[in-house]
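Let the hints inform the model, and build the full structure from the sequences given.
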Amino acid sequence: MIYFIGAGPGAADLITVRGLSLLKKADVIIYAGSLVNPEHLNAAKKGCHVYDSAKMTLEEVIEVMEKFDGEDKIVVRLHTGDPCIYGAIREQMDILEEKGMQYEYVPGVSSFIGAASALKAEYTLPNVSQTVILTRMAGRTPVPEKEDIEKLASHQATMIIFLTSTMIAKLSEKLIAGGYAPDSPAAIVYKATWPDEKVIRTTVAGLGEAAEKEGINKMALIMVGGFLGDEYDRSKLYDPTYTHIFRKASK
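Heads up, the sequence shown is in the numbering used here, so the first residue is 346 and it goes up one at a time.
These are computed hints drawn from the structure, not numbers from a lab. Among the hints, a few may not be true.
Calculated cross-link-like contacts (lysine-lysine; reagent style DSSO-like; alpha-carbon spacing at most 27 Å) [claimed, not checked]:
hint	residue 1	residue 2
1	Lys400	Lys519
2	Lys491	Lys519
3	Lys581	Lys519
4	Lys444	Lys412
5	Lys581	Lys563
6	Lys558	Lys519
7	Lys370	Lys444
8	Lys515	Lys558
9	Lys496	Lys563
10	Lys418	Lys391
11	Lys370	Lys418
12	Lys390	Lys400
13	Lys515	Lys563
14	Lys444	Lys465
15	Lys418	Lys444
16	Lys515	Lys496
17	Lys444	Lys400
18	Lys369	Lys390
19	Lys418	Lys400
20	Lys543	Lys465
21	Lys418	Lys369
22	Lys400	Lys369
23	Lys391	Lys465
24	Lys491	Lys563
25	Lys558	Lys543
26	Lys390	Lys370
27	Lys563	Lys593
28	Lys581	Lys558
29	Lys563	Lys465
30	Lys412	Lys400
31	Lys390	Lys412
32	Lys543	Lys563
33	Lys593	Lys558
Right, here's the structure in full:
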């Protein structure tokens, strides 16, 4: 069996219980060495074969999976965060399907969730934003025109921008062109939940300068939106004047 496992955003203890249990049983671990915390490898049992996929092609990764799966070994493919977001997991699963190889997918804690923890923030605040947009700037991998940052910014929703650390100044320009006021609150979270985590609060207009000042050029998420401000409405969930299926209004 092959297990795709989300390792979590950084801190070694933020992998799921299921993920850690399988990691300990693995005969083979193929991990994304450029992103996954190497402390996870401390869970590997003696004799486990470990491969760093940062140095491998897709074909080489599949070759390792096929070799050890054919020997009835437990193979763990360890991705950072949760691989459903920019994890290039679909192409691996499709090949395994074609080859008739069994696999399972164990979810993990995404880095955008770790970033919320670092910010002590809630992305969905009443009368501020009830929508979270996860996106990225076009780079080597293109982005569909309909998903251009300017068009997404026009919604004024909570925005979480991945894989854009080297283009933050350009991102700032596109966010403003899309409708965000220059003084709209923004934040950069570098290596969320890692020991050297860094949280930078700024404005949309100040994103580029803040990133340059702090030397941010990789492994950072950019957050934009009113959720970073101080104004929001109280939730109806615990409002004493609101009746729902579990509780009647007391006033």
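Take the C-alpha atoms of Lys390 and Lys400, compute the straight-line distance between them, and say whether it is at most 27 Å.
With Cα atoms ~23 Å apart, Lys390 and Lys400 stay inside 27 Å; holds.
Hint consistency between Lys418 and Lys391 [alpha-carbon to alpha-carbon, up to 27 Å]:
holds, 14 Å
Between the alpha carbons of Lys543 and Lys465, is the straight-line distance 27 Å or under?
Between Lys543 and Lys465 the Cα gap is close to 13 Å, so the pair holds against 27 Å.
Is the Cα-Cα distance between Lys581 and Lys563 27 Å or less?
violated, 39 Å
Given the hinted pair Lys444 and Lys400, is their Cα-Cα distance within 27 Å?
holds, 24 Å
For the pair supplied as a hint, Lys491 and Lys563, is the alpha-carbon distance within the 27 Å limit?
With a Cα-Cα distance of about 26 Å, the restraint between Lys491 and Lys563 holds, given a limit of 27 Å.
Assess, step by step, whether the Cα of Lys593 is no farther than 27 Å from the Cα of Lys558, and give holds or violated.
Violated, because 53 Å separates the two Cα atoms, which is more than 27 Å.
Going straight from one Cα to the other, do Lys412 and Lys400 come out at no more than 27 Å?
holds, 18 Å
For a C-alpha distance cap of 27 Å, please report whether Lys391 and Lys465 respect it.
Not OK: Lys391 and Lys465 at ~39 Å, beyond 27 Å, violated.
Given the hinted pair Lys370 and Lys418, is their alpha-carbon gap at most 27 Å?
holds, 10 Å
Quickly compare the C-alpha distance for Lys400 and Lys369 to 27 Å and report which way the hint goes.
holds, 23 Å
Take the C-alpha atoms of Lys418 and Lys444, compute the straight-line distance between them, and say whether it is at most 27 Å.
holds, 16 Å
Checked against the numbered hints given earlier, this structure breaks hints 1, 3, 5, 14, 23, 27, 28 and 33; the rest are met.
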